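Those protein sequences? They're chains A and B, same order as listed. Under this note's numbering, the first residue of the first sequence carries the number 1, and numbering increases by one thereafter. Under this note's numbering, the first residue of the second sequence carries the number 1, and numbering increases by one thereafter.
Note that these hints are calculated values from the structure, not bench results. Incorrect hints may appear among the rest.
What follows is a list of derived Cβ distance ranges for each label pair [as the list claims (entries may be wrong)]:
hint, chain 1, residue 1, chain 2, residue 2, range
1, A, 224, B, 260, 21 to 31 Å
2, B, 236, A, 23, 47 to 57 Å
3, B, 4, A, 31, 55 to 65 Å
4, A, 17, B, 145, 12 to 22 Å
5, B, 273, A, 29, 37 to 47 Å
6, A, 29, B, 232, 45 to 55 Å
7, A, 220, B, 249, 20 to 30 Å
8, A, 17, B, 77, 50 to 60 Å
No experiment lies behind these values; they were computed from the predicted model shown. Here a beta-carbon is modelled for each residue, glycine too, at the ideal position from N, C-alpha and C.
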Amino acid sequence: MAIIELRDLEYQYEESNEKVLKGLNKKIHQGEWLSIIGANGSGKSTLSRLFNGLSQPTGGSVLVLGKKTTDEASLQMIRREVGMVFQNPEHQFVAPTVRDDIAFGMENAGIPREVMLERIDEVSRWVNIEHILHMEPHRLSGGQKQRAAIAGILALRPQVMVFDESTSMLDPNGRKEILETMNRLCRESGITIVSITHYLEEAFMSDRIWFMKAGRIEKDVTTASIPDQLEWMEAEGMPLPYKYQLYREAKKRRIDIRALRTMVEGE
Amino acid sequence: MEVNFQNVSHVYMKKTPFETLALKNIDASFRSSSVTAVIGRTGSGKSTLVQHINGLLKPSSGVVTVGEHQLEARTKRKMVKTVRSHVGMVFQYPEHQLFEETVEKDLLFGPKNKGMDVAEIQKKLPELLQQVGLTETLLKRSPFELSGGQMRRVAIAGVLATNPDILILDEPTAGLDPQGQKEILELFMNWQRTYQPTTIMITHQMEEAAAFAEYMYVMEDAEIKMQGEPEAIYAQREKLREMDLDIPEQVQVLQQIERDSGIRFPHYKLSPEEAADYWEQAVQNGEVPYV
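Just chain B, same shape as in the assembly:
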């Protein structure tokens, strides 16, 4: 399902002394089944942006199109509800939203709320738990007896249980250790490959965007300041630095090697093995001096 923003602005606390422009003339599109990262520092407007996709916020002006539906300033609640049924949103620290007595009840809350066939989904819960790296033995446990990492996985499974057409991830790895971050990101990558929702991920971390996204928007002061494929964004390091952003460590390292040796890597997504292979090959072909 496709999402489009046409000239969307959003004003918080309109007509009060606290009035702030949180989105300014945003044009953006998210292709069906694509993965897009939205990057920017705290307060740049990226959370405000995605909250328009599930109607948590309505545009002050402009139109957000979600599939066949349009969301505007005057859109009625009923329509918002229809749109919302297509969107799954994983908030920051989603484990704070667990509340049911058992993991099973928590997982079924979302589907029930969206009027889905609960019995059908219940049958799939063991598989779903496996997909998020948990076992079905947890189903009858209280979510509050679980470890922090397990709680986060349950909360994520609760969103995935509705198999949303559009999946929004708002800093899904915040507060996790590096190993946990890697695992959660892999979980979403696998899900994306299998079910192909349109995925939009907000992140502070260039590394995450590099690993996952095919397209990026960089936000600053309520506007989209840069957009393009990750490689094209990384080519503009100075511009990123002005926004307190930096390119991923991996790209920095490969670029530094290029500058020093004259080698040209085909792209910056090379794994360490691939990069070493490429270097070895280039030396054999006499393309770089064997320093």
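Looking at chain A on its own, in the form it has when it is part of the complex:
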């Protein structure tokens, strides 16, 4: 079943005379991990803000669980079901401690206190932040901040989580922490993940990739088919990880490097 559906979706900024999104028709399926890649200005971040009604389409529609984001009566449900994690972890906190911050979102959603306490326990175990619940958010590392932000969203039990370049300001360790968290959320609790990213290595961890260019979804490919996708990715100026570059060179020369083939194509 499609958890999010785009129908002839268009978006145009007020001050601009060109559409940023030009008639998108796509479905995102329950439980999948979808990556959206593309250059700056291709429309991918604009698109991500339409998934939970942070922005509204200027043409066509976005449906979440069958309801249009423009439908006032459904908007609250949609915001709860589709959580957003942003790029800069600094900008996502309102409360003095991590625990209060997680509670804040639930309080707004009218969740009773006993349930809140249970959920804080549950989500902090999930993203492994039990030991920092008492801390002030600004004292945490980048990866910890992002995990705390994720916990706050998870506490509302969303079905979809959208990560908008959420690893781009983190150091390699922080990035690893968040990717592992995303992987677990998707594989173990069946949450649908949509991640907007510049990093091909990250996109390659997901199930499916949309490549956006000038307001359109130019490619929609599964990650199982990556060995066949390298050519256009390189032509689009995306720096391929070294093993894929070498794999392409080997193919061109018709040489077979077993270890490399295993790394790229799997066992």
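The hints should help you fit chain B onto chain A, whose structure is shown.
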């Protein structure tokens, strides 16, 4: 210009309950015109280290020698100023420091501040902008109308405008997409080849260090834990992992192929084309089985 650290320690917030040892008995040297990477996780002391080179911080004990000048705990401000005139420092997110009305004014701020011949430098601005991948048409624009990537380039040009003898880069590619990272790194590599400053780059990313540096220091808990040429550092993967660091993907891939096939690559800086060539040659010479 050469930089040397002799037994340098630095204590933050001395004689308060928050006292922390940020550098511990550091001995390090940065040869004239060399490129060195300083690696380590957040809080390992690498930023503290480089802030001693331009006198932003003074050693609590020990001596930092910059060219002919010595910086110690008691060094006077005037001397610090002299040393600073040789050092250009590109901070993290340098675009946050743009403040002038026009790009031109921003580029001239550094040279003016260092008492350089502003008219002379003004003539060179078009060339400088070209070197950082921008055009001179931007000179009269406000820096705040530019894209994030352009702003970063302007900020970098502002540091390069003084043509420093010592160039310090503190995670210069942080927050950029992979394409942008590559471009900024190439910009510094070209600059380094042309003007040959002593370059010291702080980075989290082994890939950057591998591409750029001829020597590496690895820091952890205020100390230098490893040093050497990149190849020698990568040979110690386990030790790196203990510090949450890993060798670059390229080195991992080539090492994996070596383990699997018995081939020996001459070094790990091979481009994909070179590595494939080398493999082809080795197969022809019967050095590896054609698997």
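Checklist entry - Checked against the structure, which of the hints given earlier come out wrong? => result none
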